[in-house]
Amino acid sequence: MARIVVNQKNIQDIDKAIKICPFGAIEWNEKKLEVEITDACKMCMICVNKGPEDAFVLEEDEVFIDKSLWKGVSVYVDHDNGVIHPVTYELIGKAKELASKINHPVYAVFIGSDIEKQAEEILHYGVDEVFVYDDEAFKDFKIEPYTAAFSDFIDKVSPSTVLVGATPLGRSLAPRVAARFKTGLTADCTILDMKENTDLVQIRPAFGGNIMAQISTPKSRPQFATVRYKIMNAPDRTDEPAGKITVCESPKNLFSAITVLSSKEKEVEEDIADAEVIVVAGRAIKKEEDLEMIELLAKEMGGKVAVTRPLIEAGWGDPKTQIGLSGRTVRPKLIITCGVSGSVQFKAGMTNSDYIFAINKDPKAAIFQVAHYAIVGDVYDVIPELLAKIKQSEEVKA
Amino acid sequence: MKTLVCIKQVPGTSEVKLDENGNLIRSGIDSKMNPYDLYAIESALKIKEQMGGEISVMTMGPPQAKEVIREAYMMGLDKGFLLTDRRFAGADVLATSYTLSQGAYQAGDFDLILCGKQTTDGDTAQVGPEMAEYLGIPHVANVKAIVEVKEKSIVLEVEMPTTIQTVEVTFPCLITVEKGIYQPRLPSYRLKKKTKYQEIIELTLDNFKDKNEKRYGLSGSPTQVEEIFPPDQNTTSERWEGEHLGTRLYDQLIDLKFIYKNK
Numbered sequence: 001m002a003r004i005v006v007n008q009k010n011i012q013d014i015d016k017a018i019k020i021c022p023f024g025a026i027e028w029n030e031k032k033l034e035v036e037i038t039d040a041c042k043m044c045m046i047c048v049n050k051g052p053e054d055a056f057v058l059e060e061d062e063v064f065i066d067k068s069l070w071k072g073v074s075v076y077v078d079h080d081n082g083v084i085h086p087v088t089y090e091l092i093g094k095a096k097e098l099a100s101k102i103n104h105p106v107y108a109v110f111i112g113s114d115i116e117k118q119a120e121e122i123l124h125y126g127v128d129e130v131f132v133y134d135d136e137a138f139k140d141f142k143i144e145p146y147t148a149a150f151s152d153f154i155d156k157v158s159p160s161t162v163l164v165g166a167t168p169l170g171r172s173l174a175p176r177v178a179a180r181f182k183t184g185l186t187a188d189c190t191i192l193d194m195k196e197n198t199d200l201v202q203i204r205p206a207f208g209g210n211i212m213a214q215i216s217t218p219k220s221r222p223q224f225a226t227v228r229y230k231i232m233n234a235p236d237r238t239d240e241p242a243g244k245i246t247v248c249e250s251p252k253n254l255f256s257a258i259t260v261l262s263s264k265e266k267e268v269e270e271d272i273a274d275a276e277v278i279v280v281a282g283r284a285i286k287k288e289e290d291l292e293m294i295e296l297l298a299k300e301m302g303g304k305v306a307v308t309r310p311l312i313e314a315g316w317g318d319p320k321t322q323i324g325l326s327g328r329t330v331r332p333k334l335i336i337t338c339g340v341s342g343s344v345q346f347k348a349g350m351t352n353s354d355y356i357f358a359i360n361k362d363p364k365a366a367i368f369q370v371a372h373y374a375i376v377g378d379v380y381d382v383i384p385e386l387l388a389k390i391k392q393s394e395e396v397k398a
Numbered sequence: 399m400k401t402l403v404c405i406k407q408v409p410g411t412s413e414v415k416l417d418e419n420g421n422l423i424r425s426g427i428d429s430k431m432n433p434y435d436l437y438a439i440e441s442a443l444k445i446k447e448q449m450g451g452e453i454s455v456m457t458m459g460p461p462q463a464k465e466v467i468r469e470a471y472m473m474g475l476d477k478g479f480l481l482t483d484r485r486f487a488g489a490d491v492l493a494t495s496y497t498l499s500q501g502a503y504q505a506g507d508f509d510l511i512l513c514g515k516q517t518t519d520g521d522t523a524q525v526g527p528e529m530a531e532y533l534g535i536p537h538v539a540n541v542k543a544i545v546e547v548k549e550k551s552i553v554l555e556v557e558m559p560t561t562i563q564t565v566e567v568t569f570p571c572l573i574t575v576e577k578g579i580y581q582p583r584l585p586s587y588r589l590k591k592k593t594k595y596q597e598i599i600e601l602t603l604d605n606f607k608d609k610n611e612k613r614y615g616l617s618g619s620p621t622q623v624e625e626i627f628p629p630d631q632n633t634t635s636e637r638w639e640g641e642h643l644g645t646r647l648y649d650q651l652i653d654l655k656f657i658y659k660n661k
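Top to bottom, those sequences are chains A and B.
First residue of the first sequence: 1, per the numbering used here; consecutive thereafter.
First residue of the second sequence: 399, per the numbering used here; consecutive thereafter.
Worth flagging that the hints you see were computed from the coordinates, not collected in a lab.
No residue lacks a Cβ here, since even glycine has one placed at the ideal position from N, Cα and C.
Be a bit skeptical, because a hint or two may be false.
[Claimed, not checked] Beta-carbon label-pair distances, calculated as ranges:
#1 D649(B) with E288(A): 23 to 33 Å
#2 P628(B) with K182(A): 24 to 34 Å
#3 D236(A) with L654(B): 17 to 27 Å
[What the hints assert, rightly or not] Residues on chain A that point at chain B, a partial pick, calculated with CB under 7 Å:
#4 P168
#5 L169
#6 R180
#7 A257
#8 T259
#9 A374
#10 E385
Use the sequences and the hints to build the structure in full.
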């Protein structure tokens with residue numbers, strides 16, 4: 001809990017002080033004849049860190065929290081009708097790593113109906129304890145009963161950290177529970193680490209720009225973070241189960257204003273998240289017809305085509321094939337980006353790919369920062385030449 | 399039927415960058431309505447066409463954020479609220495949600511609150527659900543379609559990890575809608591003229607029930623930005639320039655066994 005205080009006397013050059021803020025949130029108040037911070041402040045701390053000495057000072061309230069009362073790194077078991085989402089195992093892998101640094105246990109919380117068997121499966125991934133809430137009321141996902149059970153778990157166990165998969169379900173449940181405990185939640189973290197004092201280091205793209213922010217929740221527990229699928233690494237499944245299952249009594253009030261009328265499997269659609277090879281078309285593609293060469297290349301390599309936001313906005317692609325924070329996160333073996341500039345949102349959605357080939361004629365394109373092979377050239381030269389070579393070799397074979 | 403749509407003004411482009419010294423480069427003043435919010439507005443208008451009633455719109459931000467309320471008026475919304483106060487500055491998800499919930503209490507008794515799925519600057523998709531928690535009403539996130547609106551409830555199609563749920567939820571409730579639920583209409587010139595001087599109600603912390611400053615802005619934010627830095631740069635990269643890049647790419651893909659010469 002903090003605020004930025006302006007020490008007027010330490011500001012010599014007012015214009016310069018005002019210009020420090022990239023969001024224009026430092027203003028000169030004509031009436032008070034003071035420099036002040038407006039509600040455009042994005043809490044980036046740049047004025048505190050880079051401003052004139054002692055001019056912008058972060059003042060923190062004395063909030064005492066005994067962090068030793070909060071113990072354990074917990075993972076929410078994301079599932080849809082009992083089918084465990086693989087992001088769960090990835091988070092368990094990360095939780096183990098984080099917990100080992102501070103000597104905390106790893107917990108899983110599993111809320112569902114008829115999930116006894118699935119709970120045992122979790123024990124093959126190295127958690128110390130699985131807390132199970134098994135009740136008819138949890139058959140379908142409804143926000144109030146799930147929040148009630150999740151909150152009950154936090155009340156009982158007092159975990160220090162809670163990790164939730166950033167699936168459609170996790171992104172609905174995690175904020176609800178975090179708000180109930182009036183605590184911090186950081187969405188879509190791409191890097192997580194643990195400090196000795198049990199503060200979770202949460203890193204994610206921020207401010208809608210090409211910037212990463214390191215975020216902490218220093219005075220509140222539990223600290224919630226969501227992580228997307230395919231960001232962390234899942235541990236190998238062990239043959240022997242380890243750890244124990246604790247069946248918890250359901251909270252009394254499981255009322256919901258929501259009635260689930262039906263639930264149907266999503267049509268099996270081509271999901272780029274599962275593709276091993278992805279060819280991405282970016283803004284450099286001038287006409288919709290030109291997507292053909294991208295499709296041809298993907299087909300030749302048994303891969304799938306994905307697109308970036310500008311192409312979705314132009315109506316040239318299915319939004320389900322969009323990569324980035326507002327689209328899918330992918331982690332293929334090979335990704336070839338064709339004329340993609342590489343916004344931080346896009347990069348966050350693909351940076352864990354095994355091999356990244358980026359084609360862009362702008363030598364300074366941001367995509368080259370994450371590319372293993374930065375190909376400075378025009379997609380309209382490179383792709384046709386590549387396709388011609390592939391065709392040629394096929395003809396030789398024939 | 400009383401509906402509230404929550405919207406946000408976001409930067410027009412992702413221009414914010416860091417220079418070599420780690421300083422944020424000041425972006426232009428260019429800003430726009432969060433594109434996801436257009437779908438929430440359109441959904442509210444579609445519901446009103448069927449059920450009648452009044453649609454309010456609310457945003458939190460500096461006085462400049464009035465622009466997005468004006469835009470909402472041009473699309474046909476009825477009543478605008480701007481939550482603006484220097485004490486709201488630096489709010490994280492929790493403090494933002496709390497402020498919006500306090501604003502919603504003041505703005506009226508709503509049957510339905512609509513939010514876009516997420517914003518393009520924060521990209522968290524968390525504010526809607528947290529706001530619903532503070533208002534003590536159920537929420538349904540990731541709404542793909544509105545199936546039916548009834549007197550006391552609404553039937554929705556909801557995106558889940560592997561399934562599509564059809565749910566019925568009774569009012570009052572909050573929903574966040576997916577991109578593409580409806581095609582948003584364009585702002586109308588006629589409404590632009592008509593609503594040019596229409597009032598936008600400004601609310602500050604002093605108008606709220608909870609006047610405890612510690613729950614708002616930076617003070618009310620449990621998360622703190624410790625540091626900002628440029629994204630990771632891949633250090634093991636190779637850079638190719640010059641001619642025959644397509645051929646080089648072909649050879650490399652063969653080396654890495656992504657293309658087989660003899661398939």
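Query raised in the report: What hints, given by number in increasing order, does this structure fail?
Result: Hint check: nothing fails, all pass.
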